[in-house]
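As you go down the protein sequences, you meet chains A and B in turn.
Take 0 as the starting number for the first sequence in numbering that gives the first Met the number 0 and just add one per residue.
Take 0 as the starting number for the second sequence in numbering that gives the first Met the number 0 and just add one per residue.
Some hints could be false.
[Claimed, not checked] Think about it this way: if two alpha-carbon atoms lie no more than 20 Å apart in a straight line, the pair counts; the simulated PhoX-like pairs of lysine-lysine are:
1) B:Lys20 with A:Lys56
2) B:Lys434 with A:Lys97
3) A:Lys336 with A:Lys381
4) B:Lys46 with A:Lys56
I should point out that these hints are in silico values taken from the structure, not numbers from a laboratory.
Number of protein chains: 2
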Amino acid sequence: MAKGIPTREEDYAQWYIELVKQADLAENSDVRGCMVIKPYGYSIWEKMQQALDKMFKDTGHVNAYFPLFVPKSMFEAEEKNAEGFAKECAIVTHYRLKNDPDNKGKLIVDPNAKLEEELVVRPTSEAIIWNTYKKWIQSYRDLPILINQWANVVRWEMRTRLFLRTAEFLWQEGHTAHATKEEAIAETEQMLDVYAAFAEEFMALPVIKGRKSENERFPGALDTYCIEAMMQDGKALQAGTSHFLGQNFANAFDVKFTSKEGKLEYVWGTSWGVSTRLIGALIMAHSDDDGLILPPKLAPIHVVIVPIFKTEEEFNRISDKANEIAKALRKQGYSVKYDNRDTQKPGFKFAEWELKGVPVRIAIGPRDLENGTVEVARRDTKSKQVIALAELEQSIPALLDDIQQNIYNRALTFRTNNTTAVNTYEEFKKVLAEKGGFVSAHWDGTPETEQKIKEETKATIRCIPLDAKEEEGKCIYSGQPSKRRVLFAQAY
Amino acid sequence: MAKGIPTREEDYAQWYIELVKQADLAENSDVRGCMVIKPYGYSIWEKMQQALDKMFKDTGHVNAYFPLFVPKSMFEAEEKNAEGFAKECAIVTHYRLKNDPDNKGKLIVDPNAKLEEELVVRPTSEAIIWNTYKKWIQSYRDLPILINQWANVVRWEMRTRLFLRTAEFLWQEGHTAHATKEEAIAETEQMLDVYAAFAEEFMALPVIKGRKSENERFPGALDTYCIEAMMQDGKALQAGTSHFLGQNFANAFDVKFTSKEGKLEYVWGTSWGVSTRLIGALIMAHSDDDGLILPPKLAPIHVVIVPIFKTEEEFNRISDKANEIAKALRKQGYSVKYDNRDTQKPGFKFAEWELKGVPVRIAIGPRDLENGTVEVARRDTKSKQVIALAELEQSIPALLDDIQQNIYNRALTFRTNNTTAVNTYEEFKKVLAEKGGFVSAHWDGTPETEQKIKEETKATIRCIPLDAKEEEGKCIYSGQPSKRRVLFAQAY
Chain A
0 MAKGIPTREE
10 DYAQWYIELV
20 KQADLAENSD
30 VRGCMVIKPY
40 GYSIWEKMQQ
50 ALDKMFKDTG
60 HVNAYFPLFV
70 PKSMFEAEEK
80 NAEGFAKECA
90 IVTHYRLKND
100 PDNKGKLIVD
110 PNAKLEEELV
120 VRPTSEAIIW
130 NTYKKWIQSY
140 RDLPILINQW
150 ANVVRWEMRT
160 RLFLRTAEFL
170 WQEGHTAHAT
180 KEEAIAETEQ
190 MLDVYAAFAE
200 EFMALPVIKG
210 RKSENERFPG
220 ALDTYCIEAM
230 MQDGKALQAG
240 TSHFLGQNFA
250 NAFDVKFTSK
260 EGKLEYVWGT
270 SWGVSTRLIG
280 ALIMAHSDDD
290 GLILPPKLAP
300 IHVVIVPIFK
310 TEEEFNRISD
320 KANEIAKALR
330 KQGYSVKYDN
340 RDTQKPGFKF
350 AEWELKGVPV
360 RIAIGPRDLE
370 NGTVEVARRD
380 TKSKQVIALA
390 ELEQSIPALL
400 DDIQQNIYNR
410 ALTFRTNNTT
420 AVNTYEEFKK
430 VLAEKGGFVS
440 AHWDGTPETE
450 QKIKEETKAT
460 IRCIPLDAKE
470 EEGKCIYSGQ
480 PSKRRVLFAQ
490 AY
Chain B
0 MAKGIPTREE
10 DYAQWYIELV
20 KQADLAENSD
30 VRGCMVIKPY
40 GYSIWEKMQQ
50 ALDKMFKDTG
60 HVNAYFPLFV
70 PKSMFEAEEK
80 NAEGFAKECA
90 IVTHYRLKND
100 PDNKGKLIVD
110 PNAKLEEELV
120 VRPTSEAIIW
130 NTYKKWIQSY
140 RDLPILINQW
150 ANVVRWEMRT
160 RLFLRTAEFL
170 WQEGHTAHAT
180 KEEAIAETEQ
190 MLDVYAAFAE
200 EFMALPVIKG
210 RKSENERFPG
220 ALDTYCIEAM
230 MQDGKALQAG
240 TSHFLGQNFA
250 NAFDVKFTSK
260 EGKLEYVWGT
270 SWGVSTRLIG
280 ALIMAHSDDD
290 GLILPPKLAP
300 IHVVIVPIFK
310 TEEEFNRISD
320 KANEIAKALR
330 KQGYSVKYDN
340 RDTQKPGFKF
350 AEWELKGVPV
360 RIAIGPRDLE
370 NGTVEVARRD
380 TKSKQVIALA
390 ELEQSIPALL
400 DDIQQNIYNR
410 ALTFRTNNTT
420 AVNTYEEFKK
430 VLAEKGGFVS
440 AHWDGTPETE
450 QKIKEETKAT
460 IRCIPLDAKE
470 EEGKCIYSGQ
480 PSKRRVLFAQ
490 AY
């Protein structure tokens, strides 16, 4: 157990926060609700960005950049969207500071520099982007528009938690415009698939693809698709959303196009996003009481090499070999750290790199040099094996692949074991209270029932799974007929 | 001459703006002073980011992310820095909107959601970062810190111009902390060299490395280094700056460390940045009356292929060949666009890709197929040559290298021809009025003289070149003794 970090059993919430801090991923800043993403945490985000950006480009999208500020009148144009975000917006009202006449060296807001119209710091960019698309779209020939933006957004959350919920966060937001409803829905679904593939292949995180109930829909969307993942405390975490906007924003911003048939029609839209929240999901899904467990495909460092030595002569001989190994692995495309600090003992180093979640550790001592071997430890299972130097270049890639797969399998097994189908409300409450996890149950489809269940159990409908089987059933709460099960859980 | 774009001769400023718009690089948004960077413009920025990010990492830097907002009390801690930016800051004063009781569907700022302390939208991040470094630095072992941030910043400029000066812009800002003055100065100089290398190797833009006079120094810096480039109208454009901050921010934020000798000392700092302004520089330095001329190393598309055909049968045969060529060139790492639109004539396409600055155009007609050749045109000189298909894979890389070099040489020749050494103020004014460009002259080193020259001629000291020769001279304005020439110019 790492120093000062409670076990997951003892205090899951605190375990998470301590892990984020002690592994040097992020910390709270002195700006309310805003975090500092430290270099190690940011390098995970960079890995995520690279993989996602490639997936977006491979599906025909391009990047662009739109303003940080949204004038109030533009912001309020799509009423549902505005209503959904109005209560958590940072508002710019002035554009200048001046010297405080009563307090030398201090500044005050210059009352003469009040903006005629206030600016909202974007909580999401549909408004500013559709206001721009209006100028870009006249004909069906201008469609589709397939744009993504990497940006910061601000939502004035009252209760924040590093990565999971912060006032400012980093994300990507795709905003596309289409000539037909069908094409827009296909895009919405395609991007959900991209997110699911990213979560499973890169984050080693199994996800359920589904649609949100009306209550949980993005403000201004006709339909919200999502991927939901299970954390180790059994709670759900929404890891990405893809929205079918219908013609709502086209209506609000009067974005019309002339169709092939010469008719003037409103444009169809989608938007979709994932954020630095994914880093929180990554940690909470895989890590253990000793620290992070990072999937190799997103780990900033794949392999750490630790020398075990007593004399300087030993250190020098080991270092030669370590550098040789590092060079060979780097040539294969891996990121390798040789921890040659002489200020720390091997045990300290082992614990530190375990805390930081480096997938593979290689230890080399004098006897290894004699035998032509090294000791290789994997972070996920903490098992060790002795491997001949000659085999290392073959073993490491296979080991990393195995770790990636094993982490995924473990998370999938955990989810399977913690997903329970129930048929009565009694059962439902019992499972939530005693076991937690995902609960698969029939629901009558009304927002009222969902709201009541939420009030009584804190569980919400995470999604209506895309692969839900058609089956006759009765709503666990109202007894009304239902055609398919939905997934309930308490959520982050 | 491209449609609706004045020549450089007719109206250089308007030529620039029209080029930015018509080449689809950027446009003004409906948010005062903020631009929309369109996909084609953004893809140039992505290329710049990739190259710079690699150079930063190769010199030992890592990326991180700090908050967008700076509380007012934190902002004002370093007084000179605060004073320098106070007049152009966007200020967040509230965190919520509410429904307007008098106006259904409209929102107003909720007076009950006034912040206790106003937040400044970062115009630059020294304050928030040094406030954070205070927590990270105790001992010399914590140093150096070598961090870069890719971010948006806001400076409330009254007169804006796409890319060159906008209220919000994208940039990178490096912020480093060191144990010694010497190390901090070495870092400042190293990053200036990185910027100069980037400008010259990637942007094909020759730059003068130098130091700013006191008047032009970054607020809060002890010394500001810069790279200055010449635009085609003879004006100077500051393309990047690297600041030696001394212990100013460490003092302001009380950042001390215990040295190897056990003494408590203030930390030394640097900061350095380049922004989307570089895209403006790129355009203004190289482009011509027909449109952009992009250096191959930053061009989003390296090669465009245009088919010349009359019948569908011809089109199909040409397309087969074009796709084959595209595939081969892509395999070599080039970005290739096959413009197979049947809605536009070749002449239209030629003009469009010239406007967009694609370095190489390949045209293929039926006769080319028979002869096993293509027509290759280069954007920089507009010259054409017939090249055998078999030689294409060798010719194109060489041609692109040649274009990169030629653009650089052309800009260097232009700068050389437009740099004039003068020894009297009469000469100085005459050169500025009649010829423009850089004027190399002696200066007495006082801010007063610089200010007067600026008032009388609009020219400022762009820099004191690092390679300025020591020579005895007399200030052109005051006649006082001077030890080296400095570079004057009117500037963007």
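A quick look at each hint next to the structure:
Taking the CA atoms of lysine 20 of chain B and lysine 56 of chain A, the gap is about 24 Å. The hint is violated against a cut of 20 Å. Using a Cα cut-off of 20 Å, the hinted pair lysine 434 of chain B and lysine 97 of chain A is violated, with the two alpha carbons roughly 41 Å apart. A C-alpha spacing of about 19 Å is found between lysine 336 of chain A and lysine 381 of chain A, which places the hinted pair at or below 20 Å, so the restraint holds. A threshold of 20 Å between alpha carbons decides the hint, and for lysine 46 of chain B with lysine 56 of chain A the separation of about 15 Å falls inside it, so the pair holds.
The structure does not agree with the numbered hints 1, 2 stated previously, though it agrees with the rest.
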